[in-house]
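Here the structure of chain F is known, so what remains is to put chains Z and Y in place on it, guided by the hints.
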Amino acid sequence: MTIDWWTLLLQTVNFLLLVWLLQHFLYKPVRAVIEKRRALAERALTQAEATEKQATAAKADFEAKTAGLDEARKAELKQAHETAEAEAKKILADARQQADAIRAEAKRDAKESQAEAVAGVREDIVQTAVKMAGTILAKTGDGALNEVFLARLLDQIGNLSKEDRARIDGDIASGGAPEIATAAKLSRAEQGAWTKSLRAALKFTGAPRYSVDAALLGGAELRFPHATIRFAWSDQLKKAGEILQNSRGGAA
Amino acid sequence: MTVDMLSIIGAALAVSVGAIGPAFAEGRAIAAAMEAIARQPEASGTISRTLFVGLAMIETMAIYCLVVALLLLYANPFTQ
Amino acid sequence: MTLQLHPLQTEILFHLGPVPITSEVTTTWAIMAVLVAISWLAMRHAKVKGGWLQTVVEVAVEAIADQVEAILRVDPWKYLPLLATLFIYLVFANLSGMLPGVEAPTAHIETPAALALIVFFSVQFYGLRSQGLKAYAKRYLEPNPLLLPLNLVSQVTRSFSLMMRLFGNMMSHELVLAIILFLAGLFVPVPFMLLGILIGLIQAFIFTVLATVYIGGAVGGGEAG
Chain F
2 MTIDWWTLLL
12 QTVNFLLLVW
22 LLQHFLYKPV
32 RAVIEKRRAL
42 AERALTQAEA
52 TEKQATAAKA
62 DFEAKTAGLD
72 EARKAELKQA
82 HETAEAEAKK
92 ILADARQQAD
102 AIRAEAKRDA
112 KESQAEAVAG
122 VREDIVQTAV
132 KMAGTILAKT
142 GDGALNEVFL
152 ARLLDQIGNL
162 SKEDRARIDG
172 DIASGGAPEI
182 ATAAKLSRAE
192 QGAWTKSLRA
202 ALKFTGAPRY
212 SVDAALLGGA
222 ELRFPHATIR
232 FAWSDQLKKA
242 GEILQNSRGG
252 AA
Chain Z
16 MTVDMLSIIG
26 AALAVSVGAI
36 GPAFAEGRAI
46 AAAMEAIARQ
56 PEASGTISRT
66 LFVGLAMIET
76 MAIYCLVVAL
86 LLLYANPFTQ
Chain Y
52 MTLQLHPLQT
62 EILFHLGPVP
72 ITSEVTTTWA
82 IMAVLVAISW
92 LAMRHAKVKG
102 GWLQTVVEVA
112 VEAIADQVEA
122 ILRVDPWKYL
132 PLLATLFIYL
142 VFANLSGMLP
152 GVEAPTAHIE
162 TPAALALIVF
172 FSVQFYGLRS
182 QGLKAYAKRY
192 LEPNPLLLPL
202 NLVSQVTRSF
212 SLMMRLFGNM
222 MSHELVLAII
232 LFLAGLFVPV
242 PFMLLGILIG
252 LIQAFIFTVL
262 ATVYIGGAVG
272 GGEAG
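Residue numbers (the working numbering), protein chains in the order written: chain F, 2 to 253; chain Z, 16 to 95; chain Y, 52 to 276.
Only chain F is shown next, with the shape it has when bound in the complex (with noise of 0.2 Å):
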């Protein structure tokens, strides 16, 4: 076995410029690109590092806005809830109020008409009173009392106001005799009796009529052209109906 020593030499020394050469072209220029690209991440890094601080600020900051307006929210819910309550009640309150004034005014109403027809039925009773006291009357005042009801207009011609006595004496001197009606009718010795002391009282001088009046019930009544003496149970009923139902119904 033999061993070139030019072509060992020849080839340790191909290598060395081989690895110079390459040095040159090749290790170099990779490298530099290598940390171009290495510089361009470190670069990229740092602004995704800072982008990332921020988009974690934006996100804090967003969170913290929607906290508030959750916040807001609440309160103008709490809010809406109050008002709402509160005019639940006030239309309850009102309700409830009308409801009252309703039932105040049925209740008034009720007595008022109990009231009312309390006071038709004692109008009712007392009207029937009269009635059955005027029936009764009229049965008894058949001419027996006819002496008393004279004496009593008399005493009513006797008691005459000023004015009226003047109307009357007016009315007599005109020439004028009064009509003279009753409930029963008089005879006519009575009919003498009641025109002389007629006469004795009005100094009137002509015959007076005489008729008959059953609304009178019991009494008698002169009747001159402008003026009227009476005295009736007629009269006397009503009063006393007027009176009766008038303090019956103020006690009710």
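Hints may be right or wrong, so weigh each one.
[What the hints assert, rightly or not] What follows is a list of derived Cβ distance ranges for each label pair: (1) Z/Ile-23 with F/Leu-17: 38 to 46 Å; (2) Y/Ala-186 with Z/Ala-38: 36 to 44 Å; (3) Y/Leu-249 with Z/Met-16: 39 to 47 Å; (4) F/Ala-58 with Y/Gln-175: 56 to 64 Å; (5) F/Leu-17 with Y/Ala-186: 23 to 31 Å; (6) Z/Met-16 with Y/Val-125: 57 to 65 Å.
For the record, the hints were derived by calculation from the structure and aren't laboratory data. Glycine is no exception: its CB is placed at the ideal position from the N, C-alpha and C atoms.
Just chains Z and Y now, kept in the frame of chain F:
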């Protein structure tokens, strides 16, 4: 028996006998490496690199035998 | 027809003055020209976003740098010119044997010897530079001064085995191919040629890894060779 004939027999013996030992050794080395990779797949890079280096070391023995055989056949110093 | 094999001899093509030029040297020059041309074309206008050629070259260089860093566990760029050039040159040299009419430079003894010599002196150089003369010399006396001859011998023999491994593999592969071609004919060696590609790549890888391990052992901190 001439020196040439002895050289040929010697070369054949050197290669054949010299191949036995490295063959066994390489088989054991590869089996062990396989087991290691199966157990730790994440370390397969380091294991296979070490395996290659080890196989090269083992193989060197067989190569030495081959070189001896070739010297006997083509550059025998006793036949010149 | 007889088989004429001279695997241990080199053919001299021509003489350059007194210097004989063999096929190894011319092939190496061609490989150098190709490598420089590729490098120049790829990195001529190196940009951050480069073309496909720049990307391929960058990926290759970075892959080698990663491997070297995994073994040395220091910044690989200081050792990359030697180690990456070793790997790239060996890949091209080993695979150049696949081209018709070309013999792989590593299939002859001189090229592996030259590379092993360079690795041997590089290991000493890097060891001296990173540790200093005293500390580096002390390594030969460890673990016992009695082992100094053994340490020295191991330095020489591992370089020698580095050379013999590459040479033996490449040469025997070409020899086997020649024998099979002679015995069987035209297309039978094709599978063996495919195997030859694998062998060439593995031998380039092993040579580089071992050189890296030796350098790592010399500068300290790396895996022990």
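Results for each hint:
no.: 1; hint: Z/Ile-23 with F/Leu-17: 38 to 46 Å; verdict: holds, 41 Å
no.: 2; hint: Y/Ala-186 with Z/Ala-38: 36 to 44 Å; verdict: holds, 42 Å
no.: 3; hint: Y/Leu-249 with Z/Met-16: 39 to 47 Å; verdict: holds, 41 Å
no.: 4; hint: F/Ala-58 with Y/Gln-175: 56 to 64 Å; verdict: holds, 59 Å
no.: 5; hint: F/Leu-17 with Y/Ala-186: 23 to 31 Å; verdict: holds, 27 Å
no.: 6; hint: Z/Met-16 with Y/Val-125: 57 to 65 Å; verdict: holds, 59 Å
Violation of the numbered hints given earlier is absent; every hint is satisfied by the structure.
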